[in-house]
Structures are given as structure tokens and as C-alpha cells.
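Could you put the whole structure together from the sequences, leaning on the hints where they help?
Number of protein chains: 2
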Amino acid sequence: MFKFGIRILPRPEVLDTQGRAVEATLKSLGHSVLETKVGRYVQLSIEAKDIAQAQATAKKVSEEVLCNMLIENFEIEVLK
Amino acid sequence: MFKFGIRILPRPEVLDTQGRAVEATLKSLGHSVLETKVGRYVQLSIEAKDIAQAQATAKKVSEEVLCNMLIENFEIEVLK
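Protein chains in written order, with this note's numbering: chain A, 1 to 80; chain B, 101 to 180.
Hints in this document: simulated from the structure, not taken from any laboratory.
Every value quoted in this text rests on a predicted model; they were computed, and no experiment measured them.
Among the hints, a few may not be true.
As the list claims (entries may be wrong) - DSS-like cross-link-like pairs, simulated, lysine-lysine; straight-line CA separation at most 25 Å: (1) LYS80(A) with LYS49(A); (2) LYS160(B) with LYS149(B); (3) LYS37(A) with LYS180(B); (4) LYS180(B) with LYS80(A); (5) LYS80(A) with LYS127(B); (6) LYS37(A) with LYS49(A).
Right, dumping it as C-alpha cells:
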């Protein structure tokens with residue numbers, strides 16, 4: 001069983017309204033923050049015979065189910 | 101300027117309805133997934149004089165603004 005973390009963020013060319021809202025809030029509280037982006041984080045374990053097959057499944061479900069590829073990008077990290 | 105990624109996930113003892121829904125969907129599509137959790141991912145850059153101060157700010161804003169500590173946990177990663 002292999003465990004993955006998938007980080008999903010809006011594409012740079014898409015207006016990230018949540019990110020703008022969080023940045024404005026943090027600035028209004030006096031914090032020096034910049035370039036705030038808000039997305040989703042999915043953790044899952046995949047049963048597969050080897051890591052390559054598990055990674056292929058993780059990529060496939062990210063592209064087809066978890067992530068809206070029109071407006072979002074994802075990164076997959078292997079967790080221990 | 102220091103860049104951080106903040107992974108926010110529901111606490112283990114809290115029912116993760118999004119995670120359950122995603123897991124059921126992926127299983128119905130024929131994928132062998134387990135232990136699916138869905139949370140949020142926030143990326144931000146912080147202006148500070150050193151990394152320790154920036155990390156302290158990241159922890160503070162995570163606890164006070166980004167994360168609902170009653171039902172969520174967070175992890176901070178330093179990005180390059």
C-alpha cells in the first residue's frame with residue numbers, strides 16, 4: 001500500500017478569489033504576506049503491486065476526478 | 101521572503117465527509133483506494149528578517165486564521 005498527498009492549486013492565470021480574500025485578511029491583521037494561494041489537499045492510500053503502478057493510479061485519479069484541469073494544477077508527493 | 105505550504109486536514113476523530121465521498125467515488129470507478137482525506141492547501145510568502153521569524157508567523161496565521169483548530173490539524177512545509 002502506497003500513500004500519496006496531492007496538492008491542488010488554481011492555475012496562475014485563473015483568478016484565485018479565496019487566495020485574494022485570505023491575503024487581504026492577513027494583511028488587515030498586520031502580517032506581511034504575499035502571493036497567497038488557496039487550494040485543496042487530498043491524502044490517499046493506493047493498493048498496487050509496486051510504486052510505479054500506484055503513482056500511475058494517483059496521477060489518473062488526480063486528472064480525472066480530484067482536479068479540474070481547466071482551472072487547476074496538481075502535484076503528487078509520495079508519503080512514507 | 102520565505103515561502104511556505106500549509107496542509108490542513110480534518111482531525112482523525114472528526115468525520116471527514118468529503119474524504120468519505122471521494123473514497124466512495126473512486127471505489128465505484130474501480131480504484132483500490134483507502135484512507136482518503138480531503139483538506140485544504142494554502143501557499144504563502146512571508147516577509148521577515150529570518151526564517152525563524154517567518155516560520156513563527158506562518159504558525160501563528162495557521163492557528164489563528166487558516167485552520168479551525170477544533171476540527172483540523174495543519175502541517176507547515178518550507179518551500180524553496
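Do the hints match the structure? See the list:
no.	hint	verdict
1	LYS80(A) with LYS49(A)	holds (16 Å)
2	LYS160(B) with LYS149(B)	holds (16 Å)
3	LYS37(A) with LYS180(B)	holds (16 Å)
4	LYS180(B) with LYS80(A)	holds (21 Å)
5	LYS80(A) with LYS127(B)	holds (23 Å)
6	LYS37(A) with LYS49(A)	violated (36 Å)
The structure fails hint 6 only (numbered hints given earlier).
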